[in-house]
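One-letter residues, chain by chain:
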Amino acid sequence: MTQQSASDDDFRARLSAAGLEGLSPGDLAWLRAAYDKARAFRLPPDCPVTKRPAPVFEPPCRPVHD
Amino acid sequence: MIDPGYLTLAESARLICSREMSSLELTGALLERIARLDGALHSFLLVTTEAALAQARQADAEIARGAYRGALHGVPYAAKDIIDVAGLPTTCHSKILQDNIASRNAVIIDRLNQAGAVLLGKTALHEFATGGPSFDLPWPPARNPWQLEVHPGGSSSGSGAALAAGLVALALGTDTGGSIRHPASACGVVGIKPTYNAVSLQGVFPLSFSLDHAGPLTRTVGDNAIALAHLLTPEVAARMGCGSGAAPFADIGAGLTGMTVGVIEEFYGGADVDAEIAAATDAAVQTMAALGAVIKPVRVSPLNTYNACGRVLMQAEAYAIHADWLRLRHQDYGERGRRRLMAGALLGAADYVKAQQLRAQLAREMVEATRDCDVVVTASSLVFPARIDDADEVERTYDRAARMPFNVSGTPVLSLPIGFSRAGLPIGMQIAGHAWGEAQVYRAAHALEAALGLTARHPPRFL
Numbered sequence: 001m002t003q004q005s006a007s008d009d010d011f012r013a014r015l016s017a018a019g020l021e022g023l024s025p026g027d028l029a030w031l032r033a034a035y036d037k038a039r040a041f042r043l044p045p046d047c048p049v050t051k052r053p054a055p056v057f058e059p060p061c062r063p064v065h066d
Numbered sequence: 001m002i003d004p005g006y007l008t009l010a011e012s013a014r015l016i017c018s019r020e021m022s023s024l025e026l027t028g029a030l031l032e033r034i035a036r037l038d039g040a041l042h043s044f045l046l047v048t049t050e051a052a053l054a055q056a057r058q059a060d061a062e063i064a065r066g067a068y069r070g071a072l073h074g075v076p077y078a079a080k081d082i083i084d085v086a087g088l089p090t091t092c093h094s095k096i097l098q099d100n101i102a103s104r105n106a107v108i109i110d111r112l113n114q115a116g117a118v119l120l121g122k123t124a125l126h127e128f129a130t131g132g133p134s135f136d137l138p139w140p141p142a143r144n145p146w147q148l149e150v151h152p153g154g155s156s157s158g159s160g161a162a163l164a165a166g167l168v169a170l171a172l173g174t175d176t177g178g179s180i181r182h183p184a185s186a187c188g189v190v191g192i193k194p195t196y197n198a199v200s201l202q203g204v205f206p207l208s209f210s211l212d213h214a215g216p217l218t219r220t221v222g223d224n225a226i227a228l229a230h231l232l233t234p235e236v237a238a239r240m241g242c243g244s245g246a247a248p249f250a251d252i253g254a255g256l257t258g259m260t261v262g263v264i265e266e267f268y269g270g271a272d273v274d275a276e277i278a279a280a281t282d283a284a285v286q287t288m289a290a291l292g293a294v295i296k297p298v299r300v301s302p303l304n305t306y307n308a309c310g311r312v313l314m315q316a317e318a319y320a321i322h323a324d325w326l327r328l329r330h331q332d333y334g335e336r337g338r339r340r341l342m343a344g345a346l347l348g349a350a351d352y353v354k355a356q357q358l359r360a361q362l363a364r365e366m367v368e369a370t371r372d373c374d375v376v377v378t379a380s381s382l383v384f385p386a387r388i389d390d391a392d393e394v395e396r397t398y399d400r401a402a403r404m405p406f407n408v409s410g411t412p413v414l415s416l417p418i419g420f421s422r423a424g425l426p427i428g429m430q431i432a433g434h435a436w437g438e439a440q441v442y443r444a445a446h447a448l449e450a451a452l453g454l455t456a457r458h459p460p461r462f463l
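Line by line, the protein sequences are chains A and B. Mapped onto this note's numbering, the consecutive letters of the first sequence carry residue numbers 1 to 66. Mapped onto this note's numbering, the consecutive letters of the second sequence carry residue numbers 1 to 463.
Certain hints may be false.
To be verified - Taking lysine to aspartate or glutamate pairs in the DMTMM-like style, the calculated list, with each CA pair at most 25 Å apart, reads:
1. K37(A) <-> E317(B)
2. K37(A) <-> D9(A)
3. K354(B) <-> D9(A)
4. K296(B) <-> E368(B)
5. K37(A) <-> D110(B)
6. K37(A) <-> D351(B)
7. K95(B) <-> D324(B)
8. K95(B) <-> D27(A)
9. K37(A) <-> E368(B)
10. K37(A) <-> D392(B)
11. K37(A) <-> E335(B)
12. K37(A) <-> D274(B)
13. K95(B) <-> E21(A)
14. K354(B) <-> D36(A)
15. K37(A) <-> D399(B)
16. K37(A) <-> E393(B)
17. K296(B) <-> D274(B)
18. K296(B) <-> D272(B)
19. K296(B) <-> D10(A)
20. K354(B) <-> D10(A)
21. K37(A) <-> E149(B)
22. K37(A) <-> D272(B)
Quick caveat, the hints were computed from the structure, so don't treat them as lab data.
Can you build the whole structure from these sequences, using the hints too?
What follows is the structure, given as structure tokens:
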């Protein structure tokens with residue numbers, strides 16, 4: 001399977017899983033662009049996603065900013 | 001009688017308190033302006049004429065018997081139609097909620113009621129604070145008072161437009177990725193996104209719970225400080241160093257001498273930034289230096305990293321709210337709102353968790369990078385607003401803004417006008433602070449506003 005066809009399958013699978021079917025060609029094209037944009041984003045190499053995660057969200061009202 | 005259209009909140013308060021003008025006179029005059037001028041602007045979705053006049057009469061009666069409540073007593077305001085007011089529709093500018101009547105007030109509406117403020121009505125927004133400007137919704141989009149064919153910014157479009165057109169001196173907005181600061185910049189008014197969680201969101205329809213903020217838009221920095229003070233609980237106000245009365249932030253007039261102002265030039269230094277906006281921002285920084293500020297460059301991660309992180313969070317959290325409606329009623333959304341909200345269906349759990357982890361890192365980075373500064377400044381919009389009916393161009397402007405970083409960091413940030421383009425459109429700049437550092441933000445913004453002298457400039461069509 002090529003990378004492109006795997007991506008196409010993943011895109012269709014995500015829409016199907018969400019129950020988003022029967023969309024107009026315009027909606028599908030817009031969503032495909034959004035999907036490709038999301039896939040193109042890569043975390044910075046120093047973002048510690050493979051380490052023990054930090055708390056999911058640390059709003060500035062928490063002591064970390066004090 | 002004094003022309004009420006462009007009275008500031010502070011001037012209105014002084015006149016009402018001294019009984020040189022009644023709340024009823026001011027409210028009636030603003031309602032007349034709305035009736036006469038808003039047909040071209042569409043800034044209000046609902047005008048609550050009778051209730052406003054009743055609130056104004058009550059305020060006048062209380063003031064007459066010596067029960068003056070403070071700077072907002074008898075002062076009219078408007079609320080973005082995403083904020084619950086008991087007994088009134090909260091439509092979020094969407095057919096989905098066209099028949100939704102709020103059963104309770106949002107906390108911030110209760111706070112303004114306690115202050116004796118007078119609600120004039122509910123203002124237009126982008127559908128669910130994300131899908132706009134759109135022409136396929138039950139109500140038209142708000143227009144920009146400076147040029148009616150131009151996008152007024154969003155999503156708090158009606159709030160920004162109503163202020164610039166002199167229809168009201170205080171309007172409430174919400175800001176998830178810049179929705180207070182965008183209309184503030186595009187319409188030439190002042191808007192603050194306070195510290196995350198500083199202003200209650202209870203009773204405000206969510207877009208993205210971890211990025212959402214509520215705050216005031218006004219025409220001047222001083223008015224904004226007065227308004228914010230009335231939205232805070234006493235505990236939060238104390239943490240901000242915010243008092244009460246006509247000057248709740250005591251140091252607001254202390255000037256820039258002794259302040260260190262960081263500049264995030266990287267956000268607006270790229271080739272795709274409008275040259276007039278970059279030049280105006282640099283000139284404003286020079287003005288701050290001339291007023292005594294020490295200027296210091298600040299380096300943080302690229303704007304695209306902040307924007308992408310915020311986009312994933314917003315799409316995922318918004319989709320969690322709208323998933324059922326999108327499946328069952330997707331034709332009831334406008335096209336732009338439907339597409340923006342459906343995009344969350346394409347994200348996975350890992351995307352969301354990674355974005356939250358990145359967010360924590362970026363928030364820490366912002367704290368570290370700005371540790372030696374009192375405030376930091378950067379541009380707001382990187383390009384001028386597009387024609388409102390040019391859907392493709394409007395879409396292209398969305399990522400060309402430097403607002404999302406401060407939703408990601410949760411730190412306070414204010415947009416104020418710093419000039420006008422050759423074509424006559426306002427230019428805004430952001431001043432951001434440390435968490436709970438609104439006092440420093442207002443102090444810096446107040447000094448810059450006074451030096452620039454732009455507050456008396458209004459859209460000619462609405463004078």
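How the hints compare with the structure:
no. : hint                : verdict
1   : K37(A) <-> E317(B)  : holds, 18 Å
2   : K37(A) <-> D9(A)    : holds, 16 Å
3   : K354(B) <-> D9(A)   : holds, 23 Å
4   : K296(B) <-> E368(B) : holds, 14 Å
5   : K37(A) <-> D110(B)  : violated, 42 Å
6   : K37(A) <-> D351(B)  : holds, 13 Å
7   : K95(B) <-> D324(B)  : holds, 15 Å
8   : K95(B) <-> D27(A)   : holds, 19 Å
9   : K37(A) <-> E368(B)  : violated, 30 Å
10  : K37(A) <-> D392(B)  : holds, 17 Å
11  : K37(A) <-> E335(B)  : holds, 19 Å
12  : K37(A) <-> D274(B)  : holds, 24 Å
13  : K95(B) <-> E21(A)   : holds, 21 Å
14  : K354(B) <-> D36(A)  : holds, 17 Å
15  : K37(A) <-> D399(B)  : holds, 12 Å
16  : K37(A) <-> E393(B)  : holds, 18 Å
17  : K296(B) <-> D274(B) : holds, 23 Å
18  : K296(B) <-> D272(B) : holds, 24 Å
19  : K296(B) <-> D10(A)  : violated, 47 Å
20  : K354(B) <-> D10(A)  : holds, 19 Å
21  : K37(A) <-> E149(B)  : violated, 30 Å
22  : K37(A) <-> D272(B)  : holds, 19 Å
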